[in-house]
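2 protein chains.
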Amino acid sequence: MKLASLNEGRDGRLIVVATDLETAVDATGIARTLQYALENWREVEPRLESLAKDLEAGKVDGFALDVSSLASPLPRSYQWLDAGAYIHHMELARQARGADMPPNAMTEPAMHQGASDDFRGPTADMEVIDADHGLDLEAEVCVVLDDVPMGVSEKEAVKHIKLVMLVNDLTLRNILPGELAKGVGFIQSKVANSFSPVAVTPMALGKHWRDGKLRLPIECYLNGVLMGNPDCGVDMTFDFPRLISHAARTRRLRAGTILGSGTVSNRDHSKGSCCLAEKRMIEKIETGEATTPFLSVGDTVRIEVKDPDGQSVFGSIHQCVVQV
Amino acid sequence: MKLASLNEGRDGRLIVVATDLETAVDATGIARTLQYALENWREVEPRLESLAKDLEAGKVDGFALDVSSLASPLPRSYQWLDAGAYIHHMELARQARGADMPPNAMTEPAMHQGASDDFRGPTADMEVIDADHGLDLEAEVCVVLDDVPMGVSEKEAVKHIKLVMLVNDLTLRNILPGELAKGVGFIQSKVANSFSPVAVTPMALGKHWRDGKLRLPIECYLNGVLMGNPDCGVDMTFDFPRLISHAARTRRLRAGTILGSGTVSNRDHSKGSCCLAEKRMIEKIETGEATTPFLSVGDTVRIEVKDPDGQSVFGSIHQCVVQV
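First to last, the sequence lines map onto chains L and X. With the first letter of the first sequence counted as 1, position 89 gets the number 89 in the numbering used here; the numbers rise by one all the way through. In the numbering used here, each residue carries its 1-based index in the second sequence increased by 1000.
One should not assume that every hint holds.
[Said to hold, decoys possible] Derived DEER-like restraints, expressed as beta-carbon distance ranges: (1) L:Lys159 to X:Thr1300: 48 to 54 Å; (2) X:Thr1292 to L:Glu108: 28 to 34 Å; (3) L:Ser68 to X:Gly1029: 35 to 41 Å.
[What the hints assert, rightly or not] Straight-line distance between alpha carbons at most 27 Å, and here's what the computed BS3-like set of lysine-lysine pairs gives: (4) L:Lys284 to X:Lys1271; (5) X:Lys1207 to X:Lys1162; (6) L:Lys155 to X:Lys1306; (7) X:Lys1284 to X:Lys1213; (8) L:Lys207 to L:Lys306; (9) L:Lys182 to X:Lys1207; (10) X:Lys1284 to L:Lys182; (11) L:Lys53 to L:Lys182; (12) X:Lys1053 to L:Lys182; (13) X:Lys1284 to X:Lys1053; (14) X:Lys1284 to X:Lys1207; (15) X:Lys1182 to L:Lys182; (16) L:Lys213 to X:Lys1182.
[Unchecked claim] Output of the computed footprint for chain X on chain L, the stretches with three or more beta carbons under 8 Å from beta carbons of chain X: (17) 74-81; (18) 114-122; (19) 169-181; (20) 274-282.
To be clear, the hints were calculated from the coordinates, so they are not data collected in a lab. Quick caveat: nothing in here was measured; it's all calculated off a predicted structure. C-beta: ideal position from N, C-alpha, C; glycine also.
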């Protein structure tokens, strides 16, 4: 099952989307919003699945899906947690600035709590207020949870993953160092994120979802040129159940929590990079100098995951940088 | 005007509370929840104010307010930002461990984004899963905002403060160092916060709200004994408009955002402390050893602000530590 939200009001209007992303059907007779659906998943999910089946079978009249009419699946949420699950990305960052890895990097995931009050749609502009801020994309996989009890085990945690989607976690690289120096997280250096047009149930991902990881490559394009296509299932040091269990160690996580993987990154550098910072780190390590600039006004970014048949799974995040 | 939420559903049921906190009246004919009211403040606020006036005048039938029936005014929110506005608190922390202050501490507020998906009521238990975690209270003032535009000036920011309330920002002191070492904020070391029974408009605070600061002492009691009563208007290095402007530098803040001051702290040590960590820092600086333990099962904490006539302004946060 694939779910999306029409860009209406602060929480969107829930629709069920066909597997091929061509058509959709209003789902507000079952659940007004995706947030409501997540809060009442046990009752709501079978009815949404049934509607999805009817849409695929042509038993209900769908409408043609226009991606530009969509908000992010959750236009806002009560919690956005972002991890650093692909440790290779952190290793490159440290290597580029000549620093050692923290001793517990392989056993304790890094995770931060980010802004969740104001997500943007999958085709919304990336707004820049100052070219010197160094805007960067970060292509990530994320999961959407229902209510998770405190102290949840990894085995139980996987059951709370109700949906999977992609995110472009926008970062202002030149504001980041000042906030890292304060050491309590990111207020000014992370700006409004956009998520993929649709969120997909683990069951609908079939064999491409295994052991709490997405087993497909994520493609990042900058101005139409592929800059990376690492496999999301490769080199993910901490899988999603481990990340959920980490987040819930001392507290409950309430329905609608979104948990991100951090920038997807493979050790095989022929797979490219999913953010410009990593591309610059590799340049610095290999040639002594980072030459790729951060995003400029007019640049476009596209982030997508396709299955082996070439079918887009989550739809494309497709955004253009504009000055505001 | 004073507003509160009955503990019903995930978002509570909005009530208007009398100035003396003795009676209240259902406000759901105007706004179902406080979150809805904040999203529609311009239309809703005059009607709520009118209902509050009628309640004070005895023109509507109120019911006796039972604080144990209340959730926090916002039982969950889309954003919880917590600053370190009382720099003296940070100075003590650094002094106690022999470290220098960061060079920009007086010009750039420290601020982190915390969990906002699962607040507890003003009299909810403080849950401990492991006595070694070192549970601590932190008494703070906070403001609740409507929609704040990106790049808001301090002068404009003050207009977005719709409500003022208190918070007990619970911290697991012995998990904190490990998370500080990672340097990206707090996932496991900050647990579910409780807020004061009522949230109060700046106008209703009258002369006790000036220049974006609350001008009253905050009282902290541990097991019935006063441990601190610093003045919230004294030694606040960054006032709330400055903190809002900092948070909104590169992004909008959406309605329902709660922004906290950080632990209230005065340079005059006769005013005591609003968290045990600070009390321990002062002990360490003065005697070389911190002797006060963190909270134990059975301990009670009370946090309250009274006006010069002895009237409780926000009601009491009154919580007991329990093992879970």
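Now for the hints, and whether the structure bears them out:
At roughly 37 Å, the beta-carbon separation of lysine 159 of chain L and threonine 1300 of chain X lies outside the given 48 to 54 Å, and the hint is violated. Distance hint check for threonine 1292 of chain X and glutamate 108 of chain L: the Cβ-Cβ separation is about 29 Å, which falls inside the suggested range of 28 to 34 Å. A hinted range of 35 to 41 Å for the beta carbons of serine 68 of chain L and glycine 1029 of chain X is consistent with their spacing of about 38 Å. The suggested pairing of lysine 284 of chain L with lysine 1271 of chain X is violated, with an alpha-carbon distance near 53 Å, which exceeds 27 Å.
Of the pairs offered as hints, the one joining lysine 1207 of chain X and lysine 1162 of chain X holds, with about 16 Å between alpha carbons and a cut-off of 27 Å not exceeded. Pair hint lysine 155 of chain L plus lysine 1306 of chain X does not hold up; C-alpha atoms about 49 Å apart against a cutoff of 27 Å. A hinted pair counts as satisfied when its Cα atoms are at most 27 Å apart, and lysine 1284 of chain X with lysine 1213 of chain X does not qualify at roughly 30 Å. Proposed proximity of lysine 207 of chain L and lysine 306 of chain L is supported: the alpha carbons are some 14 Å apart, at most 27 Å.
At roughly 35 Å between alpha-carbon atoms, lysine 182 of chain L and lysine 1207 of chain X are farther apart than 27 Å, so this suggested pair is violated. Distance restraint check for lysine 1284 of chain X and lysine 182 of chain L: the Cα-Cα separation of roughly 24 Å lies within the 27 Å cut-off, and the hinted pair is therefore satisfied. At most 27 Å may separate the alpha-carbon atoms for a hinted pair to count; lysine 53 of chain L and lysine 182 of chain L exceed this at roughly 51 Å. Annotation: proposed proximity of lysine 1053 of chain X to lysine 182 of chain L is violated, straight-line Cα distance about 46 Å (limit 27 Å).
Between the alpha carbons of lysine 1284 of chain X and lysine 1053 of chain X the distance comes to roughly 51 Å, so the proposed pair goes past 27 Å and is violated. Of the pairs offered as hints, the one joining lysine 1284 of chain X and lysine 1207 of chain X is violated, with about 38 Å between alpha carbons and a cut-off of 27 Å exceeded. Between lysine 1182 of chain X and lysine 182 of chain L the CA atoms are separated by roughly 12 Å; this keeps the pair inside 27 Å, and the hint holds. Distance restraint check for lysine 213 of chain L and lysine 1182 of chain X: the Cα-Cα separation of roughly 24 Å lies within the 27 Å cut-off, and the hinted pair is therefore satisfied.
Residues of the segment 74-81 of chain L lying with their CB closer than 8 Å to a CB of chain X number 5, which satisfies the three-residue condition for coverage. Against chain X, the segment 114-122 of chain L contributes 5 residues with a C-beta closer than 8 Å to a partner C-beta. That satisfies the three-residue criterion, and the hint holds. Counting residues of the segment 169-181 of chain L whose beta carbon lies closer than 8 Å to any beta carbon of chain X gives 5, which reaches the threshold of three, so the coverage claim holds. Closer than 8 Å: that is the beta-carbon criterion, and the segment 274-282 of chain L has 0 residues meeting it against chain X, so the requirement of 3 is violated.
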